[in-house]
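**Q** Below, each chain spelled out in residue letters.
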Amino acid sequence: GAVVSQHPSRVICKSGTSVKIECRSLDFQATTMFWYRQFPKQSLMLMATSNEGSKATYEQGVEKDKFLINHASLTLSTLTVTSAHPEDSSFYICSALTSGGGELFFGEGSRLTVL
Amino acid sequence: AQSVTQPDIHITVSEGASLELRCNYSYGATPYLFWYVQSPGQGLQLLLKYFSGDTLVQGIKGFEAEFKRSQSSFNLRKPSVHWSDAAEYFCAVGAIGTGGFKTIFGAGTRLFVKA
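Chains as they are written, first to last, in the working numbering: chain A, 195 to 309; chain B, 4 to 118.
Each hint should be verified, as a subset may be incorrect.
To be verified - Here are some, though not all, of the chain A residues that point toward chain B, as calculated from beta-carbon distances under 10 angstroms:
id	residue
1	200
2	226
3	230
4	236
5	239
6	287
7	298
Stated by the list, open to error - A short list of chain B residues far from chain A (calculated; beta carbon distances all over 10 angstroms):
id	residue
8	17
9	23
10	30
11	48
12	66
13	75
14	85
Calculated directly from the structure, the hints in this document are not laboratory data. The structure displayed is predicted, hence computed values, not measured ones. Heads up, the beta-carbon is just placed ideally off N, CA and C, and yes, glycines get one too.
Take the sequences, apply the hints, and build the full model.
**A** Next comes the structure, spelled out in structure tokens:
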């Protein structure tokens, strides 16, 4: 099946720094990618929808200036957590939608720890 | 608004016993329905999906789910559980909104398997 890769899988950073997480669709083109946040033992919360070549659509309550999303190509979307704080520590997961909206594939997730 | 309810936070079954995980959804039209499995610290793997057609859907790893429109349900079943099935299971509904396609997840059901 299709593969979506996230990098890095784990990152630890100091408070106040920015962290970039990449999401790549390895064997298909994805015009739409999604970013989720998952707190321990909880479900996935959709943060934003990323469309190639256009601005991301953020869910209510998600700070667009804090969580910068760029979908520069049909195979890559990036999430940048700016000026990270300990409360931003979480598991971030991306997913990519195949063309025609046929299927959604998920990355392995990236665990961010902000000290 | 679309929503997904998984009534059981956790379920424990004996290895070899049958399993049913409940899922109810709220959506105005015919939904796209999914079941995903997540192992600790990892991304999501698609078990099966329903878009249209036969309401009994076969998935990977011996799982199946049945779409019942009258009950707004999409319960996941497996006739004989293996210890390796212990994981978190998420039911999800795919919906088309003003921002395009998005997937809404239930809170998840954690499956424990006892020997």
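**Q** Give a verdict on every hint.
**A** Here's how the hints hold up against the structure:
no., hint, result
1, 200, "holds, 7 angstroms"
2, 226, "holds, 6 angstroms"
3, 230, "holds, 8 angstroms"
4, 236, "holds, 7 angstroms"
5, 239, "holds, 8 angstroms"
6, 287, "holds, 6 angstroms"
7, 298, "holds, 6 angstroms"
8, 17, "holds, 23 angstroms"
9, 23, "holds, 20 angstroms"
10, 30, "holds, 15 angstroms"
11, 48, "violated, 7 angstroms"
12, 66, "holds, 16 angstroms"
13, 75, "holds, 19 angstroms"
14, 85, "holds, 21 angstroms"
The structure does not agree with numbered hint 11 stated previously, though it agrees with all others.
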